[in-house]
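Please put together the full structure from these sequences, using the hints given.
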Amino acid sequence: MTTNANRNEGDVVVIGGGVVGAAVALGLARSGARVIVLDEGDVAFRASRGNFALVWVQSKGLGMPEYALWTRRSAEDWHGLAVILRDEAGIDVVHSQPGGFVPCLSEAELDKRVTAMRRLHNLPGLADFPYEVLGRAETKRRLPDIGKDVVGALYSPLDGHVNSLKLFRALREASARHDVDYRPNHAAEAIEPRDGGFRIRGPWGEIAAAKVVLAAGLGNARLAPMVGLDAPVKPSKGQIIVTEKTTPFLHHPMGTIRQTDEGGVMIGDSQEDRGFDTIVGQPVISVMAERAVRTFPRLAALNVVRTWSALRVMSPDGFPIYDQSQSHPGAFVVTCHSGVTLAANHVLTLAPAILAGELPEMAASFSARRFHVPVHA
Amino acid sequence: MKAVTAIDQLAESYDLVVVGAGPAGLSAAARAAELGVGVLLVDENPAPGGQIYRAVTTTPVSDRDVLGADYWRGAEIVARFERSQASYAGSCTLWSIGPDAAVPEGGGFEIGLSLDGRARLIGARQLILATGAQERPFPIPGWTLPGVMTAGAAQIALKSAAIVPAGRTVIAGCGPLLYLLAGQLAAAGAEIVAVLDTTPRSNWLKAAAALPDFLRSPYLAKGLKLMAKARRSLRFVGGVTGLAAEGADKLATVQVERGGSVETIACDTLLLHQGVIPSVNLSNAAGCTHDFDTVQHCWVPRLDDWLSSSEPGIAIAGDGAGIGGAESAALRGEVAALGAAHRLGRLDASERDRAAAPLRAELARALRGRRFLDLLYKPAPQFLAPRRDETIICRCEEVTAGQVRDTAVRLGVTGPNQMKAFLRCGMGPCQGRLCGPTVVELIAEANGTTPAEVGYYRLRPPVKPITLAELAALPQSEAAVKAVVR
Amino acid sequence: MFRSMRDAKAGARLSFTFDGRPLTGREGDTVTASLLANGVTACRETPVSGVPRAPYCLMGVCFDCLIVIDGIGNRQGCLVPLREGMRIETQHGRRQPEEMRG
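Line order of the protein sequences matches chains C, B and X. According to the numbering used here, the first sequence is numbered sequentially starting from 1. According to the numbering used here, the second sequence is numbered sequentially starting from 1. According to the numbering used here, the third sequence is numbered sequentially starting from 1.
Hints may contain errors.
Unchecked claim - 30 Å max Cα-Cα, derived DSS-like pairs, lysine-lysine: (1) K225(B) x K206(B); (2) K9(X) x K2(B); (3) K234(C) x K482(B); (4) K112(C) x K148(C); (5) K9(X) x K229(B); (6) K112(C) x K482(B); (7) K222(B) x K206(B); (8) K9(X) x K222(B); (9) K112(C) x K140(C); (10) K148(C) x K482(B); (11) K9(X) x K225(B); (12) K229(B) x K206(B); (13) K234(C) x K112(C); (14) K482(B) x K140(C).
In case anyone wonders, no lab produced these hints; they're calculated from the structure.
Structural data, given as structure tokens:
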């Protein structure tokens with residue numbers, strides 16, 4: 001009896017084994033919790049296999065300044081996370097923060113981006129986010145390979161990138177070394193609050209835990225109401241093109257083009273509301289290719305080796321949802337579409353707070369209650 | 001036949017597009033065209049014939065005995081196609097299949113083609129995929145060394161260019177093609193120092209039940225002749241349980257294990273073969289359902305009596321529909337053509353069924369005995385999932401068997417798609433063609449499951465290389481621009 | 001690595017270069033077959049570890065026959081017919097910028 005009680009005490013079940021779930025699980029385990037991760041199988045809607053691998057700050061937070069601050073904090077803490085993953089997983093996730101560009105292919109595009117950045121900077125607390133608006137000449141000086149159609153660019157020194165597949169593996173590898181109990185093919189069907197804790201059921205059986213964290217991406221919409229939470233997330237389709245490996249030429253991430261450490265060039269990232277359709281759509285891919293070639297003409301002759309589409313996890317306003325259930329304390333929801341950028345926050349800030357039983361103050365604005373109360377001007 | 005030599009010569013749309021100009025594709029295209037269907041046959045090779053009848057119209061091999069009567073039969077299949085009204089685009093790759101947005105409620109496809117460095121999207125009301133087979137990966141230590149090739153490659157070199165391995169040649173593996181090739185290469189003057197047979201001895205017992213059919217099959221006489229010829233003239237080593245190719249920058253020796261004993265054979269060329277499996281990359285990317293066939297030990301598309309796949313409008317014929325050999329491929333091509341012609345309204349159901357009846361009878365005869373061969377030549381487990389950790393299993397990304405096993409066990413990876421994300425296996429230019437079956441096998445073994453439970457890579461276009469410039473030059477839609485420029 | 005069969009039909013001879021070396025091949029052969037017939041063993045070095053590789057399947061499946069043809073890198077030599085005057089070069093690892101101009 002005592003052994004069983006002790007075994008469950010402080011245990012957390014994380015539902016979802018993507019980058020978000022793996023980051024939370026690692027953070028919990030590093031704080032000393034016994035963690036069980038319940039994951040789906042090999043074929044599932046996995047945003048984690050289809051992300052663009054940016055640790056991106058610029059332009060984020062219009063409409064919610066707290067998101068800009070939260071993002072920036074994660075970008076700062078990413079240096080520490082990379083060291084942790086190197087030491088605890090033995091994997092270099094190739095994180096760097098060389099500053100990122102958003103090259104624009106028309107004056108109208110550039111104007112739109114500049115206006116958005118100015119508006120962002122007028123929000124409370126965001127005045128000191130560094131960025132530059134670069135004309136064509138300056139863009140060309142910094143990125144000699146740009147094509148003639150590039151009229152200018154936005155640049156922020158805060159932007160960086162990683163190898164997101166190495167990140168995914170490193171999170172899982174470090175978790176394994178911290179004795180996280182990872183269970184694939186364990187989709188959660190029902191969660192039942194009981195005796196101050198939770199029972200999670202599926203065709204595989206039942207698991208009990210004192211705390212439960214919903215990190216199931218799009219699955220959160222279904223699971224959240226079972227524990228008095230709300231996660232009104234919907235899919236947003238994104239498509240990505242990857243080229244064959246080429247010699248390194250792009251040393252900065254761009255909003256929609258980056259070169260991986262292996263040499264392939266990734267081109268993204270479209271956004272379509274197409275329900276759960278993950279078919280690669282030809283016209284969108286063509287537009288992406290055409291813009292990439294105009295931005296960097298040297299890409300034109302590269303062979304495409306892969307394209308894929310994945311579903312982003314989008315809340316109604318596009319910002320993350322972090323919440324603890326009021327009716328069933330101990331149940332948390334963690335959901336966002338920037339699992340790579342926010343990985344440092346999830347491991348280092350959010351997970352310890354979940355274990356302590358209270359979400360951090362910085363995360364207060366991300367409660368789903370924001371979708372239900374009238375916004376005051 | 002109307003030859004299409006430039007991408008802009010293609011029509012906007014065809015009733016039927018057939019992919020692959022082997023016996024299945026040629027027969028399908030010819031039969032459909034004979035029924036008045038507007039057909040385009042696309043093939044990535046410069047000349048029709050596929051691999052089995054590779055270069056049958058152009059081969060420089062003058063001595064007909066070298067390639068044998070079965071090979072020359074291909075000439076008649078090509079000739080029939082050439083007499084038809086079908087269009088033919090050689091050196092043309094098909095890189096995507098998608099729904100035709102212009103046809104609401106499905107009922108059509110938009111296919112991406114590339115010819116001479118230029119891409120185009122055209123319409124197809126029906127599709128027959130006849131992309132055939134590829135050799136089953138044969139991952140042994142050192143199989144990436146220059147000097148190691150597939151047996152099929154040597155056969156293609158012989159048929160298409162009349163060239164043979166120059167030095168000491170070893171042929172290793174199992175399956176009927178092994179003996180056929182040994183005989184052909186020997187006849188062509190190659191110096192074959194050994195034929196190493198990896199057929200597990202226990203397979204004879206498993207195959208015994210299927211023997212009676214085999215004894216009445218067309219394979220028998222042919223097979224016995226091949227084997228007798230090979231055994232008579234060549235050094236034949238049976239019961240091989242382990243193989244490794246060794247050498248610094250190129251092959252120098254092959255290490256052969258037979259039970260407990262090890263022999264080292266010096267050689268310049270090692271030709272590997274352990275059967276063929278359907279090429280599933282295109283049908284997989286097109287969304288067709290596949291099942292794992294435990295007798296042929298490979299993934300095959302799920303098809304109905306008319307060889308229609310789970311995707312309405314897409315039929316699959318030839319060895320891509322399950323391995324059956326050249327004769328059955330041609331017959332299945334015709335059956336698929338009848339099915340497509342019916343769906344296109346060219347044949348009513350009774351005409352279709354009447355035309356198909358003799359084909360089906362022939363098909364049953366052609367396939368009789370197949371099961372015996374499948375069971376007999378099922379590769380040994382150690383050649384499907386290599387034992388030695390350092391064996392490269394993904395040739396493109398240079399991922400080893402040990403990495404896959406270790407990752408499957410320690411990180412709880414249950415399928416190839418997650419494995420791909422973690423190790424990059426299947427992410428290189430061959431898009432998993434040379435590692436997929438092995439990765440699945442290793443995961444199944446590590447987790448104590450089966451290939452059927454493990455599943456396969458989920459593939460997406462482009463299934464053949466296309467440049468960014470080609471993609472960039474394709475038509476754009478307003479909605480697409482809006483999805484990208486935000 | 002390969003040699004012609006003794007009584008093969010002679011075809012028209014085409015001149016080409018491989019890494020600057022003048023060679024000839026038979027009209028109708030692919031780039032890869034022409035290299036094999038000229039005794040070339042490796043056609044590329046891999047972008048991952050830099051080890052030499054040679055054509056493996058000759059049927060467009062394995063992508064081990066990747067090669068630079070007339071300045072364009074990573075082409076499947078087994079699918080490209082040899083043409084008079086072709087400049088063929090070893091594919092050294094990743095695609096290089098000078099292989100992109102075409």
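Original post:
Holds or violated: are the alpha carbons of K225(B) and K206(B) at most 30 Å from each other?
Top reply: holds (23 Å)
Subject >> Restraint status (C-alpha distance of K112(C) to K482(B) at most 30 Å) >> reply: holds (14 Å)
Original post:
Is it true that the CA of K148(C) sits at most 30 Å from the CA of K482(B)?
Top reply: Between K148(C) and K482(B) the Cα gap is close to 22 Å, so the pair holds against 30 Å.
**OP:** With a cut-off of 30 Å on the C-alpha distance, tell me whether K9(X) and K2(B) pass.
**Re:** Distance ~28 Å between K9(X) and K2(B) Cα, so the pair holds.
Original post:
K482(B) and K140(C): Cα distance at most 30 Å?
Top reply: holds (27 Å)
**OP:** With a cut-off of 30 Å on the C-alpha distance, tell me whether K112(C) and K148(C) pass.
**Re:** holds (20 Å)
**OP:** For the pair we were handed, K9(X) and K229(B), check the Cα-Cα distance against 30 Å.
**Re:** holds (26 Å)
Original post:
Within 30 Å, alpha carbon to alpha carbon, are K234(C) and K482(B)?
Top reply: holds (19 Å)
Subject >> Pair hint K229(B) and K206(B), alpha-carbon separation not exceeding 30 Å >> reply: holds (26 Å)
Subject >> Restraint check for K112(C) with K140(C), where alpha carbons must lie at most 30 Å apart >> reply: holds (20 Å)
**OP:** For the pair we were handed, K9(X) and K222(B), check the Cα-Cα distance against 30 Å.
**Re:** Holds, at roughly 28 Å.
Subject >> Given pair status - K206(B), K222(B), alpha carbons within 30 Å >> reply: holds (22 Å)
Consistency with the previously given hints is maintained throughout, with no hint failing.
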